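Protein chains: 2
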Amino acid sequence: MKPAAVSSAAFRQETDSRPLPPGWKSYMSPEGVRYYVNSCSKETTWRRPSLLTESPQRPLAQQNSSPYANGCHSTAKAGRPTEATDVALRKPTMMKQPPGSVSPARRQIKEVKETKITINCVTFPLPGEGPEQQLLKPNEWSYCDYFWNDKKDPQGTTSVAGFEVLLQKQLKGKQMQKEMAEFIHERIKIEEEYAKNLSKLSLNPLAAQEEGTLGEAWTQLKKSLHDEAEVHLKFSNKLHTEVEKPLLTFRCDNFKKDLKKYDHHIADLRKQLASRYTSVEKARKALADRQKDLEVKTQQLEIKLSNKTEEDIKKARRKSTQAGDDLMRCVDLYNQTQCKWFEEMVTTSMELEKLEVERIEWIQQHLRQYTTLRHETDMFNQSMVEPVDKLLQNVDPAKDRELWVRENNTGDVRPVDMDI
Amino acid sequence: MKPAAVSSAAFRQETDSRPLPPGWKSYMSPEGVRYYVNSCSKETTWRRPSLLTESPQRPLAQQNSSPYANGCHSTAKAGRPTEATDVALRKPTMMKQPPGSVSPARRQIKEVKETKITINCVTFPLPGEGPEQQLLKPNEWSYCDYFWNDKKDPQGTTSVAGFEVLLQKQLKGKQMQKEMAEFIHERIKIEEEYAKNLSKLSLNPLAAQEEGTLGEAWTQLKKSLHDEAEVHLKFSNKLHTEVEKPLLTFRCDNFKKDLKKYDHHIADLRKQLASRYTSVEKARKALADRQKDLEVKTQQLEIKLSNKTEEDIKKARRKSTQAGDDLMRCVDLYNQTQCKWFEEMVTTSMELEKLEVERIEWIQQHLRQYTTLRHETDMFNQSMVEPVDKLLQNVDPAKDRELWVRENNTGDVRPVDMDI
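Residue numbers (the working numbering), protein chains in the order written: chain G, 1 to 420; chain X, 1 to 420.
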């Protein structure tokens, strides 16, 4: 079971024939770079929006068996960077402001509201901020909708990825089936013990000397214990082959390996994301440094505090712009990586969800087999009593007397008077 | 349970209002003693014939519940004694030849055929001799018809009375019911063990962590083992109160005492009979001696061998006659005693027969109770599976996912792109 391959075409500025979501139009910039504008919200973005990339996010197709998320999401607001950037500083790069977008105010850093938060390197909208998110699979309580955050470890400071919670559930499920098999095994032992005891008692010679029709009935009664023992032995054998063994061997050891593959795959993507995030932070700091440097030099020029030439300022300005470009590049790489991780999360959590459905249904089926065997056993057991009933019905004291008297009489000639 | 009182009126020459069997008429002798004559066979007897006393013997009334023999039998041929007696010698005593009977020939001893045989002091007709005996209770294989002889001990020289065989059967029956109770007790122990094991397993926490609808079904499955345990415990309790205990207490210890009373009563009558028989043998010998003496004395007189006077011969003749009378009295007492023993045999063996019928029917009834309990148990046991079936039917992976996700989700807010 391999993780599904995910296309990353969403991020390539290639000719893409996929349909744009409603409201979006595609344009070409003077530099020859394609960009996209939402005619409703006036959003502009370099990134091609897919069915999931518009806001509010459109729900996934409502198919139970489609584990694949369709593309990636984005609430791209590249037109409104949280950090103020001097538009004029921007070189014509891929990541400059696309034409026709709203010009950012200079130095609005203090007035821009925080709308997002990054926790453990994953970026979320703050509550109440941004367009409302619809569930990907509404009314299904689907794994892909509910495990985005990491879970804080109550004791310590570490946290567990939401995906990890899903994985542990599957591992626990495997443990459950093993324990159920153990339980059934214990039942089997009890049945075998019971059968052994009944069988042994059936051979006991108590009252074996009873004769006639009553003796026959008694003999059959004793034999019926052996018949019952056979029924219980049959029950225990079937429990073994039809319930215990399947429970033990369902999803053999490869299952855990497969789960581990999922685990590592997702964990790797998180590591990549963390790494990208670190780069973003570094770039952000570098930009801040460059901007501070530029600001200081500009002020100094104005008050003619130093002998710095305009050449120095131009250099500082250039470095600032470069840092800005670097930051944009890092943010973009981060978003790409987060998107990839997102897609894999959706795909894989859907797979785990399917596995869980299968597990429950499979166990249900085999526990029903258990109850079927129980029903059968009681019916067979009842029928073992019937021959006894029959013979008891035939018990006949007169017949028994005849049999016994024929066998044991001492003489039928009666005494007569003695003659003189 | 006391032995039935038996009337011995058959032997008393009192006014008897019981009807005579057909063919018999009653007369009065000159001495005032009643005698009886069979108009068909010309038999005569001092003893009043009853319904059983004529030959061929008439069968007993065909009633299963009438344990009492009706009077005593007799193939009285008192008119034809086996030993020759000088009719002329007879004094008018009670035991003289009744009038109108055939006169015996003198000294026919050597020519009288042996028609009877006495074994262990009981007198039987020899095979082929005497009138054919009909069974007292034809087609019933009744105890009262088949245990007249003693049984020879295969190993030694002793023998066992037929009645003893019947008694031993009853004692063995008591042993059988005790052994059956033991067997049931063993079954009870097996059931209790089984119930204990099931109950213990039902408390086992294996797979207790399974949640949701599947967890509910599993929990009920485990509980059903406890329910089954209860069913088996109930079964074992009922086995104890409705089968084992009754089998143990049916016919409590007084039963054996009662049997012993029967045993001693019948044995005593046999001892009396033996004693009477001894007397008969002694009287027979005494008579033979007296006759020999008379014969010798008569011969001596004829050849004038001695000086014995006719007076001596008369004395010898008197003694002879007396010896004859003694013999007749002894034989009569013997026959009375044998008749008494006979009646008690019939009465008591019928009682034992009834006891055996009751024993068999009682055991049959209680073993049927056993099979009824078995049926019930299997039915109850089956019904313990139904709640499990129901919950298994309700197992719903979607519901379980909802429950689990509600409980364990880490967050439903999806990540968004980071802004610059």
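One or more of the hints may lead you astray.
Heads up, the list lumps identical chains together, so a pair's fine if it works in one copy or across two of them.
[Unchecked claim] Result set (EDC-like, lysine to aspartate or glutamate): computed pairs, CA atoms no more than 16 Å apart in a straight line:
hint, residue 1, residue 2
1, K169, E211
2, K297, E311
3, K169, D258
4, K116, D227
5, K151, E407
6, K196, D153
7, K238, D325
8, K200, E182
9, K25, E211
10, K174, E358
11, K256, E281
12, K315, D293
13, K174, E211
14, K223, E186
15, K113, D419
16, K256, E402
17, K234, E193
18, K260, E186
19, K174, E302
FYI, nobody ran anything at the bench for these hints, they're computed from the structure.
Just so we're clear, the structure is a prediction, and the values are computed from it rather than from any experiment.
Evaluation of the provided hints:
In this assembly of identical chains, K169 and E211 lie within 16 Å of each other by CA distance solely across copies; the values are 11 Å between and 66 Å within a copy. Proximity of K297 and E311 under a CA criterion of 16 Å is satisfied intra-copy only: 11 Å inside one chain copy versus 193 Å between copies. Within a single copy, K169 and D258 get their C-alpha atoms as close as 14 Å, which meets the 16 Å cut-off; across copies the closest is 77 Å, which misses it. In this assembly of identical chains, the alpha carbons of K116 and D227 never lie at most 16 Å apart, being 74 Å within a copy and 58 Å across copies at closest.
Only between protomers do K151 and E407 lie at most 16 Å apart by alpha-carbon distance; the minimum there is 13 Å, versus 89 Å within a single protomer. Proximity of K196 and D153 under a CA criterion of 16 Å is satisfied in neither setting, with 52 Å inside one chain copy and 43 Å between copies. When the C-alpha separation of K238 and D325 is checked against a cutoff of 16 Å, the pair qualifies neither within a copy, at 71 Å, nor between copies, at 91 Å. Taking the closest pair of Cα atoms, K200 and E182 come within 16 Å of each other only across two copies (14 Å); inside a single copy the shortest separation is 27 Å, beyond that limit.
Taking the shortest alpha-carbon separations for K25 and E211, neither the intra-copy value of 103 Å nor the inter-copy value of 50 Å comes in at or below 16 Å. Taking identical chains as interchangeable, the C-alpha atoms of K174 and E358 lie at most 16 Å apart only when both belong to the same chain, with a minimum of 12 Å there against 64 Å between chains. With identical chains, the CA atoms of K256 and E281 are never at most 16 Å apart, being 37 Å at best within one copy and 106 Å at best between copies. In this assembly of identical chains, the alpha carbons of K315 and D293 lie at most 16 Å apart only when taken from the same copy (11 Å versus 181 Å across copies).
Within a single copy, K174 and E211 get their C-alpha atoms only as close as 59 Å, which misses the 16 Å cut-off; across copies the closest is 14 Å, which meets it. For the identical chains of this complex, K223 and E186 are inter-copy neighbours only, at 15 Å across copies versus 27 Å inside a copy, given an alpha-carbon limit of 16 Å. Taking identical chains as interchangeable, the C-alpha atoms of K113 and D419 lie at most 16 Å apart only when they sit on different chains, with a minimum of 12 Å there against 143 Å within one chain. For the identical chains of this complex, K256 and E402 are neighbours neither inside a copy (75 Å) nor across copies (24 Å), given an alpha-carbon limit of 16 Å.
Taking the closest pair of Cα atoms, K234 and E193 come within 16 Å of each other only inside a single copy of the chain (13 Å); across copies the shortest separation is 20 Å, beyond that limit. Taking the closest pair of Cα atoms, K260 and E186 never come within 16 Å of each other, the shortest separation being 31 Å inside a single copy and 55 Å across copies. Taking the shortest Cα distances, K174 and E302 never come within 16 Å of each other, neither inside one copy (73 Å) nor across copies (131 Å).
Hint compliance for this structure: hints 4, 6, 7, 9, 11, 16, 18 and 19 are not met, and every other hint is.
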